[in-house]
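Protein chains: 2
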Amino acid sequence: MKSLVFTEYKAPLSYQDSIEPIAKEGQKVIKMQAAAFNRRDFWITLGLYPGIVPNCILGSDGVGEVDGKQYIINPNVEWGDGDLPNKNYSILGMPVNGTFAEYIAVDADRLVEKPAHLTTEQAAALPLGGLTAYHAVFGKCQLKAGEKILITGVGGGVSQMATQLAIAAGAEVYVSSSSEAKILKAMEWGAKGGVNYTKEDWAKRLGKDTGGFDVIIDSAGGEGFKDLVRIAKTGGRIGIYGGTRGAIPQINPAHIFLKHLTIYGCTMGSDKEFLKMVEFVSQHKIIPLVDEVYDLENGNKGLQKMAKGEQFGKVILSI
Amino acid sequence: MKSLVFTEYKAPLSYQDSIEPIAKEGQKVIKMQAAAFNRRDFWITLGLYPGIVPNCILGSDGVGEVDGKQYIINPNVEWGDGDLPNKNYSILGMPVNGTFAEYIAVDADRLVEKPAHLTTEQAAALPLGGLTAYHAVFGKCQLKAGEKILITGVGGGVSQMATQLAIAAGAEVYVSSSSEAKILKAMEWGAKGGVNYTKEDWAKRLGKDTGGFDVIIDSAGGEGFKDLVRIAKTGGRIGIYGGTRGAIPQINPAHIFLKHLTIYGCTMGSDKEFLKMVEFVSQHKIIPLVDEVYDLENGNKGLQKMAKGEQFGKVILSI
Numbered sequence: 190m191k192s193l194v195f196t197e198y199k200a201p202l203s204y205q206d207s208i209e210p211i212a213k214e215g216q217k218v219i220k221m222q223a224a225a226f227n228r229r230d231f232w233i234t235l236g237l238y239p240g241i242v243p244n245c246i247l248g249s250d251g252v253g254e255v256d257g258k259q260y261i262i263n264p265n266v267e268w269g270d271g272d273l274p275n276k277n278y279s280i281l282g283m284p285v286n287g288t289f290a291e292y293i294a295v296d297a298d299r300l301v302e303k304p305a306h307l308t309t310e311q312a313a314a315l316p317l318g319g320l321t322a323y324h325a326v327f328g329k330c331q332l333k334a335g336e337k338i339l340i341t342g343v344g345g346g347v348s349q350m351a352t353q354l355a356i357a358a359g360a361e362v363y364v365s366s367s368s369e370a371k372i373l374k375a376m377e378w379g380a381k382g383g384v385n386y387t388k389e390d391w392a393k394r395l396g397k398d399t400g401g402f403d404v405i406i407d408s409a410g411g412e413g414f415k416d417l418v419r420i421a422k423t424g425g426r427i428g429i430y431g432g433t434r435g436a437i438p439q440i441n442p443a444h445i446f447l448k449h450l451t452i453y454g455c456t457m458g459s460d461k462e463f464l465k466m467v468e469f470v471s472q473h474k475i476i477p478l479v480d481e482v483y484d485l486e487n488g489n490k491g492l493q494k495m496a497k498g499e500q501f502g503k504v505i506l507s508i
Numbered sequence: 190m191k192s193l194v195f196t197e198y199k200a201p202l203s204y205q206d207s208i209e210p211i212a213k214e215g216q217k218v219i220k221m222q223a224a225a226f227n228r229r230d231f232w233i234t235l236g237l238y239p240g241i242v243p244n245c246i247l248g249s250d251g252v253g254e255v256d257g258k259q260y261i262i263n264p265n266v267e268w269g270d271g272d273l274p275n276k277n278y279s280i281l282g283m284p285v286n287g288t289f290a291e292y293i294a295v296d297a298d299r300l301v302e303k304p305a306h307l308t309t310e311q312a313a314a315l316p317l318g319g320l321t322a323y324h325a326v327f328g329k330c331q332l333k334a335g336e337k338i339l340i341t342g343v344g345g346g347v348s349q350m351a352t353q354l355a356i357a358a359g360a361e362v363y364v365s366s367s368s369e370a371k372i373l374k375a376m377e378w379g380a381k382g383g384v385n386y387t388k389e390d391w392a393k394r395l396g397k398d399t400g401g402f403d404v405i406i407d408s409a410g411g412e413g414f415k416d417l418v419r420i421a422k423t424g425g426r427i428g429i430y431g432g433t434r435g436a437i438p439q440i441n442p443a444h445i446f447l448k449h450l451t452i453y454g455c456t457m458g459s460d461k462e463f464l465k466m467v468e469f470v471s472q473h474k475i476i477p478l479v480d481e482v483y484d485l486e487n488g489n490k491g492l493q494k495m496a497k498g499e500q501f502g503k504v505i506l507s508i
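Chains as they are written, first to last, in the working numbering: chain A, 190 to 508; chain B, 190 to 508.
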């Protein structure tokens, strides 16, 4: 079967023939129809991810068919029953072969019926981003209707899902981005407002205009994290699931404890949350944003687009 | 009546006559018997505390008598009914007159009967430290029996209370200190171990020896906070209620989110937690550590001792 395989660092993925998987006990072999890139795939190609092995079919997100039905695949491998992952936990697509292939063998309990309101490509955009966003917004930060939430860097796939989930939950949603177009898109969805974080004093002004935030979802870290602490309300919850801007410099503990803030480190989410997320998406008819669809053979073009940060929405592979 | 009054920065407290308070509706006038210093009092004398007003009787902790019974005083002023303090919340002893006086008028619902197993002086050592510790250890970090907890800087009053509470809850307790004597005291109480944080690589070795911590309670911040993040287990909870070592430099967000860590900013606790704390202390016969007892007139000697960091246990005023 055709597949996109990680073979070496800082090189294109290899479009090559792989051996068709065989179902072990409790597994199903899925005929893949669409998959999606995540930032994780990009980090892996740079060698910036823990536990990398060579000659692995990448891909955490995917939709496929088996027994005449379409399913989305839960990308958790061995999460277990609890709120925290088991020790041998990994994410589909490294080191376990992933979704960028014509066939994949997964445990049958990884399969969730594709929500009817989504196209195959839209559904492929959902799993990892939807799970991470759901876990951060609801599982950890416990967002409630009417609360004010700020979601930073709305260009990212998880941020977009977080924005859509929070709007559907009845929160007052604000976003930040360096792109006015992305802010406008979020406002089309129903965000109350957005700010360009390249402008000076954006956080100070936003804090003043809104009265501060109950919940903040961030994947940047870096120098700007200080501002987020500053514009969180008393009792505010900050969920951080990434660090694209690097280390957080100089946080004064008093700014955290005098305001009773909680900072949640978030990554992925439990199997239970995956089911809840898909249910929530179905109930509220949320449609993940798709940037562009490539054939599996041209997958490296999608990866290049991500490397330049040019995508807005998920980069999809049609298989 | 005699009282210890804050009049100016970086000067001794003024031992002076103040007007005896009169009970407003819903209040009781308490004849004070003992009070205790907190680090807060020391910060106030340096001007390093928010909302300072001059000519205020200091003191958040105290035990006194009314209607023939002994009570400890809940130092929360206007916390309210929720998990977070009301907007007009303050702590007894600034800007509202505190416990360093012969009499105090407080709302009747601030009074909780003195636990029978404590002397007057021991009971005076309990309120603020006990509440902060209880809130951090149980209210926020949800410590459970059998879990591993590290409490840093066991020289401090809150740390000592946290250590005693955690031991009573059946946790495996480790402490850190720059003083071997303080570590030994904690081990007398039932701590499993302790490390001298002035020694190189203490955190790395402790992490290795223990397998990491489910809960960490810290009031230092500073450079060492990075080590705490490092030796927290996956899913670990870190409660921070102070920043004696200043700003936290350079935290890598990945160290927080890849391990699903939660960082709780903690300060004081709710009225409900105050009641639970006193009940827990009574049930487990916990005895706060008293360093030394001074007459109200000689209170500045206690303050000087705190300024030098020489105390081990609470500095008490007998009134």
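In case anyone wonders, no lab produced these hints; they're calculated from the structure.
Be a bit skeptical, because a hint or two may be false.
No copy labels: a pair is met if it fits in one copy or bridges any two.
What the hints assert, rightly or not - Derived SDA-like pairs: lysine to any residue, alpha-carbon spacing no greater than 25 Å straight-line: (1) K393 x F231; (2) K191 x V255; (3) K465 x S203; (4) K397 x N277; (5) K199 x D398; (6) K415 x R434; (7) K258 x G435; (8) K448 x S459.
With identical chains, the pair K448 and S459 could be close in the same copy or across copies; at 25 Å between alpha carbons, which is it: within, between, both, or neither?
between (29 Å within a copy, 14 Å between copies)
Alpha-carbon proximity context of K415 and R434, limit 25 Å
both (12 Å within a copy, 18 Å between copies)
Tell me, please, which holds for K258 and G435 at an alpha-carbon limit of 25 Å: within, between, both or neither?
This pair counts as neither: shortest intra-copy Cα distance 43 Å, inter-copy 58 Å.
Within a copy, between copies, both or neither: where do K191 and V255 come within 25 Å Cα-Cα?
Cα proximity of K191 and V255: one copy only (18 Å, versus 84 Å across).
K199 and D398: within-copy, between-copy, both or neither at 25 Å Cα:
neither (44 Å within a copy, 38 Å between copies)
Please sort K397 with N277 into within, between, both or neither, judging by C-alpha distance up to 25 Å.
For K397 and N277, only the inter-copy Cα distance (20 Å) is at most 25 Å; the intra-copy one is 45 Å.
At most 25 Å between C-alpha atoms: does K465 with S203 qualify within a copy, between copies, both, or neither?
neither (35 Å within a copy, 62 Å between copies)
25 Å Cα threshold - placement of F231 relative to K393
neither (33 Å within a copy, 32 Å between copies)
Going through the hint list in order, the structure does not satisfy hints 1, 3, 5 and 7.
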